[in-house]
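Sequences listed follow chains A and B, in order. Per the UniProt record's numbering, the very first residue in the first sequence carries number 1; after that it's consecutive. Per the UniProt record's numbering, the very first residue in the second sequence carries number 1; after that it's consecutive.
Please keep in mind that the hints were generated in silico from the structure rather than gathered at the bench. Here the structure is a predicted model, which means the values were calculated and not measured. Worth double-checking, as some hints may not be accurate.
[To be verified] Listed next, with one range per pair, are the computed distances between beta-carbon atoms:
#1 A:Thr72 with B:Ile110: 33 to 43 Å
#2 A:Lys273 with B:Gln133: 37 to 47 Å
#3 B:Gly194 with A:Ala326: 50 to 60 Å
Beta carbons are placed, not taken as given, at the ideal position from N, Cα and C, and that holds for glycine.
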Amino acid sequence: MSTTRRTFLKTGAAITAMPFIHALPAAAGSGDTLVAVTAQTINSLDLHRTGTNRASYAVAINCYDRLVTFGTKEAPGGGLSYDYATLEPELAESWTISDDGMVITFTLKDATFQDGSPVTAEDVKWSFDRAVTVGGFPTVQMKAGGLERPDQFEAVDAKTFVVKLDRPSKLSLPDLAVPVPFIINATLAKANATADDPWAMEYLHKNTIGSGAYKVTRWDAGQQLVYERNESWVGGPVPSYARVIMREVPSAATQRALVERGDVQVAFDIPDKDAAELADKLTVYSTPVENCIHTLCLNTIFEPFRDTNVRKAIAAVVPYEAIFQAAAYGRGAPLWGGPAEITDTAWPRKSPYATDPATAQEFVAASAYPDGFETTLSIATDLASWMEPAALLIQEAVAKIGITVELEKIPGANWRTASLVEKRLPMHLENFGGWLNTPDYYFFWAYQKDHLFNSSNYFNEEVEALTNETLHMAMDDPEYAPKIKRMFEIAFEDLPRIPLYQPALNVAVNGASGYEFWFHRQLDIRSLSPASA
Amino acid sequence: MGARGTAIGLRIAQAIPVLFGVIVISFLLTRALPGDPAAQFAGAMATPESIEQVRTSLGLDKPLVQQFGLYLGQLARGDLGQSVSTGQPVVSELASRLPASLELTLFALILSCAVAIPLGVLAATRPGSWVDQLCRLLVTAGVSLPTFFTGIMLVYVFYYLLGIAPSPLGRLDFIYLDPPHVTGFFLIDAALAGDWETWFGALRQLILPGVTLALFTLAPIARMTRAAMLSALSADYVRTARAAGLAPRKVLYGYAFRNALLPVVTTLGMVFSFVLGANVLVEKVFAWPGIGSYAVEALVVSDYAAVQGFVLSMALLFVLLNLLIDLAYSVIDPRFGTSAK
Numbered sequence: 001m002s003t004t005r006r007t008f009l010k011t012g013a014a015i016t017a018m019p020f021i022h023a024l025p026a027a028a029g030s031g032d033t034l035v036a037v038t039a040q041t042i043n044s045l046d047l048h049r050t051g052t053n054r055a056s057y058a059v060a061i062n063c064y065d066r067l068v069t070f071g072t073k074e075a076p077g078g079g080l081s082y083d084y085a086t087l088e089p090e091l092a093e094s095w096t097i098s099d100d101g102m103v104i105t106f107t108l109k110d111a112t113f114q115d116g117s118p119v120t121a122e123d124v125k126w127s128f129d130r131a132v133t134v135g136g137f138p139t140v141q142m143k144a145g146g147l148e149r150p151d152q153f154e155a156v157d158a159k160t161f162v163v164k165l166d167r168p169s170k171l172s173l174p175d176l177a178v179p180v181p182f183i184i185n186a187t188l189a190k191a192n193a194t195a196d197d198p199w200a201m202e203y204l205h206k207n208t209i210g211s212g213a214y215k216v217t218r219w220d221a222g223q224q225l226v227y228e229r230n231e232s233w234v235g236g237p238v239p240s241y242a243r244v245i246m247r248e249v250p251s252a253a254t255q256r257a258l259v260e261r262g263d264v265q266v267a268f269d270i271p272d273k274d275a276a277e278l279a280d281k282l283t284v285y286s287t288p289v290e291n292c293i294h295t296l297c298l299n300t301i302f303e304p305f306r307d308t309n310v311r312k313a314i315a316a317v318v319p320y321e322a323i324f325q326a327a328a329y330g331r332g333a334p335l336w337g338g339p340a341e342i343t344d345t346a347w348p349r350k351s352p353y354a355t356d357p358a359t360a361q362e363f364v365a366a367s368a369y370p371d372g373f374e375t376t377l378s379i380a381t382d383l384a385s386w387m388e389p390a391a392l393l394i395q396e397a398v399a400k401i402g403i404t405v406e407l408e409k410i411p412g413a414n415w416r417t418a419s420l421v422e423k424r425l426p427m428h429l430e431n432f433g434g435w436l437n438t439p440d441y442y443f444f445w446a447y448q449k450d451h452l453f454n455s456s457n458y459f460n461e462e463v464e465a466l467t468n469e470t471l472h473m474a475m476d477d478p479e480y481a482p483k484i485k486r487m488f489e490i491a492f493e494d495l496p497r498i499p500l501y502q503p504a505l506n507v508a509v510n511g512a513s514g515y516e517f518w519f520h521r522q523l524d525i526r527s528l529s530p531a532s533a
Numbered sequence: 001m002g003a004r005g006t007a008i009g010l011r012i013a014q015a016i017p018v019l020f021g022v023i024v025i026s027f028l029l030t031r032a033l034p035g036d037p038a039a040q041f042a043g044a045m046a047t048p049e050s051i052e053q054v055r056t057s058l059g060l061d062k063p064l065v066q067q068f069g070l071y072l073g074q075l076a077r078g079d080l081g082q083s084v085s086t087g088q089p090v091v092s093e094l095a096s097r098l099p100a101s102l103e104l105t106l107f108a109l110i111l112s113c114a115v116a117i118p119l120g121v122l123a124a125t126r127p128g129s130w131v132d133q134l135c136r137l138l139v140t141a142g143v144s145l146p147t148f149f150t151g152i153m154l155v156y157v158f159y160y161l162l163g164i165a166p167s168p169l170g171r172l173d174f175i176y177l178d179p180p181h182v183t184g185f186f187l188i189d190a191a192l193a194g195d196w197e198t199w200f201g202a203l204r205q206l207i208l209p210g211v212t213l214a215l216f217t218l219a220p221i222a223r224m225t226r227a228a229m230l231s232a233l234s235a236d237y238v239r240t241a242r243a244a245g246l247a248p249r250k251v252l253y254g255y256a257f258r259n260a261l262l263p264v265v266t267t268l269g270m271v272f273s274f275v276l277g278a279n280v281l282v283e284k285v286f287a288w289p290g291i292g293s294y295a296v297e298a299l300v301v302s303d304y305a306a307v308q309g310f311v312l313s314m315a316l317l318f319v320l321l322n323l324l325i326d327l328a329y330s331v332i333d334p335r336f337g338t339s340a341k
C-alpha cells in the first residue's frame, strides 16, 4: 500500500497537497525543493509560547506576516542584509502617523489566510492582544515599542487597524517588524481555544495558521521541519522554492560534509572555524551581527573593578587581534583601536583602546592596586567555542600587569542565572545583540541599572538620563546625535564593558542564491532561489 | 517450574522499591541542579516580572513537597509532564526517541556479537595463533578509538570521499516515508508493512552508526568470550568429557560454550547499558533522533520534566533488562531458582 503511495508521490501529482511528502534528492537540485541543515532545534511553531527558543523564530518569520518589514541592502561580508533604515509594507498596504506621533493607522492589503479566509483588522487586533497578554518574552518585546495593553489596539473596520501610543517613539514602527507581532488567523485560533487556553497556545504550538509565505506541513521535533509555499502570498514576491526542508544536524563536521557534497544547499549558522575553511570552496556569507558585541565585562560592584584605572588597564592589555583570530577565525568585525574622538553615532563602534602594555602599566600604577590582585574570569560552557580561547588569552595578558586570573566554567542554565539574573560574576565574557538597531536600545539593555544585560551592575546617572531621553527620540531630532555621542564618551571612559569584536553569522551555500541576513539570526527562506536562476 | 516462577516473581517485586527510589532521587536531583529554569525559559529579553510569570506558569513557585505530590499524581495517570524546551509531552518524545536509540543500539550489539563471540571462541581455542592476534588488535582498536572519532572517520571515508554511504541525516533519507508506526523500530515496522524499499533504506542509514558503535562494543564482548572460554576449556568437566571420548564439537559447544555464555550474557547487559550512554556522540554525528541527545539538551537547560522522564524510563529499561538477563540465566543454567544456585 505504501509503495503505491510513494509511486503516487513520485509522479508529482501531490506535490503541493500532500502533507507527508519527501522530496527526492534529485528534485532538490531541480529548483523545486531546498534542503538546509542547522544545528539548532526548533521547539515550537508558536513564538509566543513560554520556552520557545531562538531557532523557532524562523517559523514566525517564514509562515506569518507582520504589518511591516524591513527593506534590503547590500551586506558587509557579501550577500544581502535587512535594512533597518527602510520600513516596507508586508501585510499593511500603507500607514499614516498622526501629527503628534501618537496614533498609527494601518490600511491592510487584500490578503487571505492559508485556509482561504480574508485577513481582517480583527485578526490583527487579536494577534496583538495575544502578544501583549501572554507574558514572557513577547510581552517584553512589545513593550520595547510602547505596545503594552490591548486597549491600545483597535480594529476600526475590516481593512483599518489603529495603534494608539502613550508617547511617540522611534521604536514603535520597527518593533512591528520584529518576529513577535505576527498576524494569526483569529477565527481559526478561537475555534481551537478552550476556557483554560483562551489564546489557543496548544493549537498554535503545532499549527501555523498565518498568511505568510510558507506553512509548516511537517514538524518532527528534533529532526526536521518541512515548509510548503503559499501560492497566494501577498506580503512580498512569491518565493522560488515550493518546498524547504530544514534538517537538524548537530555535528558541524557532518554539516560540512553534506553541504560540500551538495546534498544540502544551505548549512546555516556554522562555526567560525568551518566558515573560514569552507570559504575557499563554497560561497560562505559571514555577516557581522548588527547591534551585537562580544564583550569582556568587569563587574563594577566588586572591589578591584570599582577602580576606573583598573578597568582601563585591562582594556589596554587585552590582546584584541589574537582573540579575534583565535576565537572568531577573523570572522566578524574588529571593535578596538578606534579614534579617541567620537564624531558620529555609528554603533557598534570601535572602542578607543588597543593592545598597549605600556599604557596598561601606567593605568595600573595610577590605580589603587599597583601590585595587582587576584580575581575570577567566568565563562559559559555552552559558549566555550569563543569564550574559552578568548578567556585563555585574556588570562595570559592580564598576568603581565600583575592580575592573576582563575578561569571558572559555568554550565548551561546556570550561566544565565549567574551572569544576567544575579549579576554575581566579577569578571566575565558576555554578548548581547539588540533587535532594534539603535545605540540607545543597546544602552537601555546593557548599561542601565538593573537591566538584564547589564551584567556589570553599571550605574551612571548621566547615562540613565541620556538613555531615557534618547530611547524614543527620533533619530533626526537635532538633540539626538549630541546625546548619543555623550553616552559613548561616558561608556568608554567608565568602561564597565570592554568591546572585543562583533561576531558574525556564518552561512555556507552550495547551489542556492538570494541569502539575506536578518537581525533575528534565523534563516529567511523567502528570498532564496536556485543558484542558476 | 514452581521455584523458578517464584524466583522470577521475586525479581519483579524487587523492582518496585528501586523504581520509587529513582522517582524520588531524580526529582530531588533535578531540583538541586544549579540552573534556574524560569530564567532560562523566560527568553532572551526577560525582565524580573516576566521571569516570575514563567515561574508561576511552570508551577515552580510552589513548595517542593507540593511539587512532588503533583508530580506523583501525574505519574499515576501515566503523564510524565510536558517538556518546556521541546514543547512536547515527555511521553510522546520518549516514545519516538527511545525506539530510535534502541534500534541503533540493538543493531550495533547484534553486529558486534556476530563478530566478537565467534572471534572470542576461535581465539580461545587457538591461543597465540593469528586469530588470537587479530582478536587482540580489534579489541585494542575498539577500546582506544573514541566513538565520535570513528563516526566522523567513517562519514569522511564512506560518505564524503567514496560516496557509497547515504547522507548521514538520521534514520531515513528524504526519498522514504516513515513506515506506519507500530513499534517505532523502522526495520520492524517497514517489514510489517511489507515495504522492503523503506526497510532497505532504513538499513542503509543504520550501517555506519551501527558499525561505529559495534567497533566500540566489540572489545568487552570478545575479551569476555575469550576469557570465559579459556577457563571453561581448562575446567574439570571438559577434561572429563574429553576423557569420556565425546566428540570435540560436542565438548566445545555443548559443555564449554554453554558454561562460558553466563559471564558473556552478564557482560552483554553491562555493555548494553553503557552503549545507550555512549550513543550521545554517535547520535550527534549522524543526526540520529535518539534519546541521548534529548537528555543532554534537557539537562543543559534544566528542563525538569524531560530529565525526570528520561531517568525514569531508563530505570524501567534497566530493571527490565536485568530481568531479561536473569531469565536468560534460567534458560542457560538449569540450576536457576533451585536452592543449589
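Now the hints, each set against the structure:
Look at A:Thr72 against B:Ile110: about 55 Å separates their beta carbons, and that is not inside 33 to 43 Å. At roughly 40 Å, the beta-carbon separation of A:Lys273 and B:Gln133 lies within the given 37 to 47 Å, and the hint holds. Evaluation of the 50 to 60 Å hint for B:Gly194 and A:Ala326 yields a pass: the beta carbon distance comes to about 56 Å.
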